[in-house]
Amino acid sequence: MRVYVPLTLPGLAKAHETGVLAADPFAAYAVTPALREWCGTDDLEELEYTALGEAAGASLRLLAADPEAAPRRVVVAVDVADGAVTPDGDGL
2 MRVYVPLTLP GLAKAHETGV LAADPFAAYA VTPALREWCG TDDLEELEYT
52 ALGEAAGASL RLLAADPEAA PRRVVVAVDV ADGAVTPDGD GL
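Each number in the working numbering corresponds to the 1-based position in the sequence shown with 1 added.
Treat the hints as calculated values from the structure; they're not laboratory data. In this text, all values refer to a predicted model and were calculated from it rather than measured experimentally. Warning: the hint list may mix true and false statements.
As the list claims (entries may be wrong) - Derived CB-CB ranges, DEER-like:
id, residue 1, residue 2, range
1, D80, A57, 14 to 20 Å
2, R62, E18, 21 to 27 Å
3, A24, P88, 14 to 20 Å
4, L45, E69, 35 to 41 Å
5, A24, D80, 17 to 23 Å
6, E46, A14, 26 to 32 Å
7, G41, P11, 36 to 42 Å
Ideal Cβ positions, reconstructed from N, Cα and C, are used throughout, including at glycine.
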């Protein structure tokens, strides 16, 4: 499963230095059954684009919380085992 992790440039630099993307648990976006239902499509490319867009929006919220960070959205795409992901909230 591919997940999209929202970060900032300082967050990306920290991940590079430590070798750890984020502390557990952390927010990420992926193609879930709830997202498939919400989008009304089974087109994987379209669904992944939607998940990526949601992660990009979350990156903007991280930037708003860190005025010292350079104003650049960062989204890291990571392939993980399906069992490593737990849907949260509405599963989108």
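- Range agreement (Cβ of A57 with Cβ of D80, hint 14 to 20 Å): 19 Å, holds
- Message: Is 35 to 41 Å respected by the C-beta to C-beta distance linking L45 and E69?
- Response: For E69 against L45, whose Cβ atoms are near 37 Å apart, the range 35 to 41 Å holds.
- Query: Lying within 26 to 32 Å: is that true of the beta-carbon distance E46 to A14?
  - Reply: Since the Cβ atoms of E46 and A14 sit about 30 Å apart, the hinted range of 26 to 32 Å holds.
- Task: Given the hint of 21 to 27 Å, check if R62 and E18 actually sit that far apart at their C-beta atoms.
- Result: 23 Å, holds
- Message: Taking 14 to 20 Å as the stated bounds, is the beta-carbon spacing between A24 and P88 within them?
- Response: 19 Å Cβ-Cβ, so the 14 to 20 Å window holds.
- Message: Against the range 36 to 42 Å, how does the distance between the Cβ atoms of G41 and P11 compare: consistent or not?
- Response: 37 Å, holds
- Item | 17 to 23 Å as the expected CB spacing between D80 and A24, which holds or is violated | 20 Å, holds
No hint from the list above goes unmet by this structure.
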